[in-house]
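The listed protein sequences correspond, in order, to chains A and B.
For the first sequence, numbering that gives the first Met the number 0 assigns the number 0 to the initial residue and increments by one for each residue that follows.
For the second sequence, numbering that gives the first Met the number 0 assigns the number 0 to the initial residue and increments by one for each residue that follows.
Treat the hints as calculated values from the structure; they're not laboratory data.
Glycine residues also receive a C-beta, built at the ideal position from the N, C-alpha and C atoms.
It is possible that part of the hints are untrue.
[Unchecked claim] Calculated pairs, DSSO-like style, for lysine-lysine (alpha carbon to alpha carbon, straight line, at most 30 Å): (1) K263(A) / K210(A); (2) K267(A) / K210(A); (3) K68(A) / K87(B); (4) K55(B) / K68(A); (5) K73(B) / K68(A); (6) K68(A) / K93(B); (7) K87(B) / K7(B); (8) K111(A) / K263(A); (9) K7(B) / K55(B); (10) K263(A) / K274(A); (11) K73(B) / K87(B); (12) K91(B) / K73(B).
[Unchecked claim] A few chain A positions that, by computed beta-carbon distances, are all more than 12 Å from chain B: (13) S18; (14) R48; (15) K126; (16) S159.
[Said to hold, decoys possible] Per label pair, the in silico range of CB-to-CB distance: (17) P125(A) / L8(B): 49 to 55 Å; (18) T79(A) / I113(B): 58 to 64 Å; (19) R65(B) / V87(A): 52 to 58 Å; (20) W20(A) / Y11(B): 42 to 48 Å.
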Amino acid sequence: MTKFEEYFYRHLHILRRISQWAAVVLIFLIPFLNRHGINSLMGTFYSIRIGHLDLMDPALMFQTILLTKHISFSALLAGTLPLILALVLGRVFCSWICPYNLLAEYVATLRKKVFPHKKYVLNHNPKPHWYWAIFGLVITSLMVLGIPLITLTSFPGLLSSEAADLVLNGTIGVEIVLILVVILLEFFVAPRFWCKYACPVGATLALFHYKHTMHVHFDPKGCTCDSIKTLPCNSVCPLGLDPRHRDIYPYCYNCGECIYSCHKHQGKSLSFSFKDAPKKGVVAARANLKMNRTIKEVDA
Amino acid sequence: MILEFLQKLANYHAPLRPPGAVPEDEFLDRCIRCRKCEEVCPYDSIVMAHGDRGLKVGTPFIYARREPCYLCMKCTEVCPTGALQLIKKEEKEKVRMGVAKIDQTTCLAYNGIICRACYERCPIYREAITLENEIYPVVHPEHCVGCGICENVCPNEPASIIVYSSHA
Chain A
0 MTKFEEYFYR
10 HLHILRRISQ
20 WAAVVLIFLI
30 PFLNRHGINS
40 LMGTFYSIRI
50 GHLDLMDPAL
60 MFQTILLTKH
70 ISFSALLAGT
80 LPLILALVLG
90 RVFCSWICPY
100 NLLAEYVATL
110 RKKVFPHKKY
120 VLNHNPKPHW
130 YWAIFGLVIT
140 SLMVLGIPLI
150 TLTSFPGLLS
160 SEAADLVLNG
170 TIGVEIVLIL
180 VVILLEFFVA
190 PRFWCKYACP
200 VGATLALFHY
210 KHTMHVHFDP
220 KGCTCDSIKT
230 LPCNSVCPLG
240 LDPRHRDIYP
250 YCYNCGECIY
260 SCHKHQGKSL
270 SFSFKDAPKK
280 GVVAARANLK
290 MNRTIKEVDA
Chain B
0 MILEFLQKLA
10 NYHAPLRPPG
20 AVPEDEFLDR
30 CIRCRKCEEV
40 CPYDSIVMAH
50 GDRGLKVGTP
60 FIYARREPCY
70 LCMKCTEVCP
80 TGALQLIKKE
90 EKEKVRMGVA
100 KIDQTTCLAY
110 NGIICRACYE
120 RCPIYREAIT
130 LENEIYPVVH
140 PEHCVGCGIC
150 ENVCPNEPAS
160 IIVYSSHA
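Just chain A, same shape as in the assembly:
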């Protein structure tokens, strides 16, 4: 592990929070600057314009193509850059930039404080077909109904759009009700269900996850938490995944909290990796995990 990696993992949490809060500041700052005649930064998280460079949410790029049945070159160009980012680094937009995710993370923390779980449960990674089924349903209903469903359900876009509305006109649109309903559901019923299963923006980015995309890599050799009852990596995962398995994708959005937590507890088994994990290693890791699990069950 290089020194840079070591430093990065140790400060990952604070770096991520800085990046997220910078995005929140930006969605208020952009309309404010525009109102005062500075147009070098423009737009919302639906589509942002930096100087003369247009960037567009890839989900909306696909929506425009599906609804108009016509491919426009400028839209294609604008959507490609974020897709390349997703291809290399995974869904980092969700975990490092998206303002809704920041909000939902704080709501989840609040939920944990209000309803503390006494019994520790090992995280379980859901099957990926749920994810694709929901995304497929959104795309199908978009085409059948002919309404821009992704625009209406893109929470980063809606939040930044409402922030712009607030700054520009001093009003807030009715769309905010949808966000409030989802937040209440996440607080009382199903924690983090939106980002984990439903969000079409994240699902589009997850489509472009392949074996060399940055992923969380688990090396059982450095795992030192056998004796600790609550696994640090499991308990910090904002989406309730078990990062010790490779099957966390497409759900995992590469926030890196598990890696940060692992390194904080003097472990060295979790890291970001671009390498395709060798099959043999995965099998060995699985076997090791099973052993760990039985030990834990005896412990408990």
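Fit chain B to the given chain A structure using the hints.
Only chain B this time, still in chain A's reference frame:
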């Protein structure tokens, strides 16, 4: 109050779309509600629709009586999806946002009071609105771009010249 509401309903006309907008059905498919047109507009003419417009929520409108379009064409340059097609500033007479229509029963000029507000402010000067007998303003739909400046400056309340959107 009910009467007032009914009156408003009877006088309802759809607000204008920004210049360069493609036909309404296609517009709704193309517009991703990114607000760049609203942000770039130097006159704050463009405002985004709220929930009262149903599924058109978040799409750009121009309410001429509030603030008309001054045809600077900046919004057509920033639209990322082509919902607003690029129109050059020099070609502003190509814009077709709507057509103005004069209500002769209330128009001051037709009622014996000299008023040239709409005629003088029209950006397609002496083409879209001309004066008949140097007194009566007449709209020529083939030249009218529908910018809404005439509706904005009309001294009557409600305005006697109203721009009807070509994006119903």
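* Looking back at the numbered hints, which does the structure fail to meet, lowest number first? -> Of the numbered hints given earlier, those the structure breaks are 7, 14, 16 and 19, listed in rising order.
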